[in-house]
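Starting from the given sequences, assemble the full structure and let the hints guide the process.
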Amino acid sequence: MFTPKGRYIAVIAALILGTSAAFAQSPNLGVPISSADIAAWDIVILPDGTGLPPGNGTAAQGAPIYAEKCALCHGINAEGGIAVTLTGGSPLTNGIDTAKTIANFWPVSTTLFDYIRRAMPWTQPRTLTDQEVYALTAYVLAINDIIDDADEMNAETLPRVQMPNSDGFIVRFPTLTP
Amino acid sequence: MKQKNLTNRWQDMEPAAGNGLMDRRAFFKEGAVIAAGMTGYTLSESAAAQQLVDDPWSTVQGTTAGKYNRPSEFESAAELTLSNPNGEPRAQQARTPHHLLNGTLTPNGLHFVISRSGAPNIDPDQHQLVIHGLVDQPMVFTLDALMRYPMVSRMAFIECGGNSAPLFSPEPIDADVQALHGLVSCAEWTGIMLSTLLEETGIDPKATWLIAEGADSLATHRSVPITKALDDAMIALYQNGERLMPGNGYPMRLLLPGWEGNMSIKWLRQIKLVDQPSMSHSEARTYTPILPDGKAYQFYFLQEVKSFITHPSPGLNLNGPGLYEISGIAYSANGRISKVMVSADGGKTWAEAALQGPLHEKAFTRFRVPWHWDGGPAVLLSRALDNAGNLQPIRAEFVAKRGEATKVPSVKGFPSQHYNATTSWGIDSDGQVKHVYA
Numbered sequence: 001m002f003t004p005k006g007r008y009i010a011v012i013a014a015l016i017l018g019t020s021a022a023f024a025q026s027p028n029l030g031v032p033i034s035s036a037d038i039a040a041w042d043i044v045i046l047p048d049g050t051g052l053p054p055g056n057g058t059a060a061q062g063a064p065i066y067a068e069k070c071a072l073c074h075g076i077n078a079e080g081g082i083a084v085t086l087t088g089g090s091p092l093t094n095g096i097d098t099a100k101t102i103a104n105f106w107p108v109s110t111t112l113f114d115y116i117r118r119a120m121p122w123t124q125p126r127t128l129t130d131q132e133v134y135a136l137t138a139y140v141l142a143i144n145d146i147i148d149d150a151d152e153m154n155a156e157t158l159p160r161v162q163m164p165n166s167d168g169f170i171v172r173f174p175t176l177t178p
Numbered sequence: 179m180k181q182k183n184l185t186n187r188w189q190d191m192e193p194a195a196g197n198g199l200m201d202r203r204a205f206f207k208e209g210a211v212i213a214a215g216m217t218g219y220t221l222s223e224s225a226a227a228q229q230l231v232d233d234p235w236s237t238v239q240g241t242t243a244g245k246y247n248r249p250s251e252f253e254s255a256a257e258l259t260l261s262n263p264n265g266e267p268r269a270q271q272a273r274t275p276h277h278l279l280n281g282t283l284t285p286n287g288l289h290f291v292i293s294r295s296g297a298p299n300i301d302p303d304q305h306q307l308v309i310h311g312l313v314d315q316p317m318v319f320t321l322d323a324l325m326r327y328p329m330v331s332r333m334a335f336i337e338c339g340g341n342s343a344p345l346f347s348p349e350p351i352d353a354d355v356q357a358l359h360g361l362v363s364c365a366e367w368t369g370i371m372l373s374t375l376l377e378e379t380g381i382d383p384k385a386t387w388l389i390a391e392g393a394d395s396l397a398t399h400r401s402v403p404i405t406k407a408l409d410d411a412m413i414a415l416y417q418n419g420e421r422l423m424p425g426n427g428y429p430m431r432l433l434l435p436g437w438e439g440n441m442s443i444k445w446l447r448q449i450k451l452v453d454q455p456s457m458s459h460s461e462a463r464t465y466t467p468i469l470p471d472g473k474a475y476q477f478y479f480l481q482e483v484k485s486f487i488t489h490p491s492p493g494l495n496l497n498g499p500g501l502y503e504i505s506g507i508a509y510s511a512n513g514r515i516s517k518v519m520v521s522a523d524g525g526k527t528w529a530e531a532a533l534q535g536p537l538h539e540k541a542f543t544r545f546r547v548p549w550h551w552d553g554g555p556a557v558l559l560s561r562a563l564d565n566a567g568n569l570q571p572i573r574a575e576f577v578a579k580r581g582e583a584t585k586v587p588s589v590k591g592f593p594s595q596h597y598n599a600t601t602s603w604g605i606d607s608d609g610q611v612k613h614v615y616a
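Chains as they are written, first to last, in the working numbering: chain Y, 1 to 178; chain Z, 179 to 616.
A portion of the hints provided could be inaccurate.
[Stated by the list, open to error] The calculated lysine-lysine pairs, modelled on DSSO-like cross-linking and capped at a C-alpha distance of 27 Å, are:
(1) Y:K69 to Y:K100
(2) Y:K100 to Z:K473
(3) Z:K473 to Z:K526
(4) Z:K590 to Z:K612
(5) Z:K590 to Z:K473
(6) Z:K585 to Y:K100
(7) Y:K100 to Z:K612
(8) Z:K579 to Y:K100
(9) Z:K579 to Z:K526
(10) Z:K473 to Z:K579
(11) Z:K473 to Z:K585
(12) Z:K579 to Z:K590
Just so you know, the hints here were simulated from the structure itself, not pulled from any lab data.
Below is the structure:
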C-alpha cells in the first residue's frame with residue numbers, strides 16, 4: 001500500500017511527531033473522486049488567481065446588482081447599515097481604534113471576490129453568478145478608488161490589483177512564533 | 179471550641195507572599211484540617227449549631243433518572259451568555275461561565291460557541307469529507323468510513339483569537355470572568371489524526387498549506403500550514419466522550435490544538451492541499467491585530483501562555499475574613515504549564531500555586547493556592563509560565579506594545595485580538611470582587 005509518496009509523508013510525519021502515531025494502521029476506506037466531480041463545488045481561490053473562474057465584470061455592471069442585492073444591509077452608498085461599511089477608512093496609525101475597511105486594511109484583492117462569492121448575500125449565499133461576483137468586486141474596488149470605473153475585473157486582472165495596505169503586515173508564522 | 183482551634187492553624191504556617199498568600203502545599207500538608215477551616219464564598223452564617231433533623235427530600239422517593247440528564251435545578255445560573263440570542267444575521271458568541279465551574283474540563287453544554295451564521299443542521303449520513311488538491315489521489319470519506327479508523331483522544335483547549343479582548347479597554351470593565359474570558363473552553367477530543375488520512379491520499383511535495391472549509395452557510399474557511407496538519411491536527415468526532423455538539427462542529431471538525439479557534443474549522447467538509455494561503459476573510463481581515471504604528475500582525479495563529487483567576491472573581495464575593503482557596507486556569511499553545519505565580523498585593527510579591535496534575539500540553543491546567551484574607555483591600559492576579567519558557571506578560575507591558583483602546587469598548591466587542599496578559603481582581607473590605615488594573 002505504501003507508495004513512494006506514502007513513504008514521504010510517513011517519514012515527514014514521523015520526524016515531526018517523533019512517535020508511532022504516524023504509523024497507525026489505516027483501513028484505507030477513502031473513496032477516490034475525480035477532479036471533475038469536485039470542480040463545480042470547490043470555490044477555493046488563491047491570491048495568485050488560481051481557482052478564479054471564467055467571467056468578467058465592471059463597476060457599471062456591478063452598480064445595479066449592488067442596489068438590488070447588497071444595499072439593504074451595506075447601505076445605498078456602501079456606507080454601512082446592519083452590515084459593515086464597504087467604503088472609506090481612516091489611517092491605521094490610530095492603532096486598535098481604527099475600523100478595518102477594504103481600502104485601509106485588506107491585503108489582497110482576491111479576498112473580496114472570494115468572500116462575495118462564498119458568503120454573500122448573507123441570506124442567500126452562493127446564489128450569485130460568477131459574472132455578478134466579478135461585477136460586484138469591480139464595483140466595490142471602484143468606489144474605493146482602487147481601480148477605475150472602466151476597469152474590467154476577470155481572472156487575469158483581479159489578482160494584479162494592488163491593494164493600498166498590501167505592505168502593512170508583519171507575518172508572525174512561522175518565524176515570529178515563540 | 180474545636181472549630182476555633184482549626185481556623186487558627188493558618189497562623190502556624192509561613193506566608194509565601196504578601197497579603198496572606200500561603201505555601202501552595204499547605205492544603206496538601208494539612209489536608210482535611212485546613213479544608214475544614216475554610217471559609218466558603220457564599221457560606222451561610224446560620225449553617226451551624228442547629229439541632230439536626232431529616233430534610234424533606236430525605237423522606238420521600240427521589241426523582242427518576244432521565245434519558246439525558248441535566249444539572250440540578252439549583253445550578254441554573256451555570257449557563258452560556260448569548261450575544262445574539264435571536265439569531266440575527268451576524269456572528270454570535272456564547273461564553274463559558276468559568277466562575278461556576280471547576281477542574282479542567284468544560285461540560286459540552288457550556289463549551290463556548292462562536293458561529294458566523296449559526297450551526298448547520300447536518301445529517302451525518304449525508305455528510306462527507308473531501309480531501310483533494312495537491313494530493314496523489316483525491317478522496318471522499320464518509321462518516322461511517324471514518325468511524326473505522328484508528329482514533330486518539332487528547333485534552334485540548336480551544337480559544338477564540340478574540341477572547342479577553344475587553345482587556346484592551348483603557349479603564350477596568352465592570353464584568354465577570356465569563357464576559358472577559360468566556361471564549362475559551364477545554365475538552366477531551368477523540369478522532370482521527372489528519373496525518374493518517376493524508377497518508378492515504380498522499381501528499382504532493384509542493385503542498386505547503388491546506389484550506390479547511392466548513393459546511394456552514396458562509397462556507398467558513400481557513401488556511402493551515404501543512405506542518406501543523408502533520409504535527410497534531412485531528413479530525414475530531416467526539417467531545418468529552420459524546421459526539422460533537424452541533425455548535426462545536428457536529429459531525430466533525432478540524433482540531434488544531436493551541437491555535438486560534440477559528441482555524442479549527444467546524445462542520446468540516448473540505449481539505450484542499452495548496453501551495454499558498456488563500457487569504458480568506460478571517461485570516462486577511464479579522465484575526466490580524468493592528469499595532470500602534472499601524473502595522474498589523476498576520477498569521478498570528480498561536481494562543482500564547484495565559485492564566486486567570488476564576489475563584490474568587492466578580493460574582494463570587496468573599497464572606498468575611500479567613501481562609502480561601504484562590505484557583506484558576508492556565509494554558510499555552512506552546513506546551514505544558516510549568517508554573518503559575520499568584521499575587522494578592524497587585525503584583526508586588528508572588529507565591530507559587532500548586533498545579534493540578536496530570537499536566538497536559540495545550541490544555542487547561544487548574545492552579546490553586548491557599549490564601550488568608552485579613553479583611554483588607556487586596557488585588558489578586560496570576561501569571562503563568564509554559565515549559566517552552568514563555569512567561570505571561572503583565573498587562574501594562576503588553577498594552578504598551580499592542581496598544582490600548584482610547585474609549586471603553588463594549589464588553590461584547592473585539593477592539594483587538596490575542597490578549598494573553600494578566601487579569602486583576604480587586605477586593606474591597608466588604609469582600610466585593612471587581613475587575614481592576616493592578
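Going through the hints against the structure:
1. Y:K69 to Y:K100: Since the Cα atoms of K69 of chain Y and K100 of chain Y sit roughly 23 Å apart, the hinted pair holds (cutoff 27 Å).
2. Y:K100 to Z:K473: Between K100 of chain Y and K473 of chain Z the Cα gap is close to 12 Å, so the pair holds against 27 Å.
3. Z:K473 to Z:K526: Measuring from Cα to Cα gives roughly 34 Å; hence the hint is violated.
4. Z:K590 to Z:K612: holds (18 Å)
5. Z:K590 to Z:K473: holds (24 Å)
6. Z:K585 to Y:K100: holds (17 Å)
7. Y:K100 to Z:K612: violated (32 Å)
8. Z:K579 to Y:K100: holds (19 Å)
9. Z:K579 to Z:K526: Answer holds: K579 of chain Z to K526 of chain Z is near 22 Å, not above 27 Å.
10. Z:K473 to Z:K579: holds (12 Å)
11. Z:K473 to Z:K585: holds (21 Å)
12. Z:K579 to Z:K590: holds (23 Å)
Checked against the numbered hints above, the structure violates hints 3 and 7; every other hint is satisfied.
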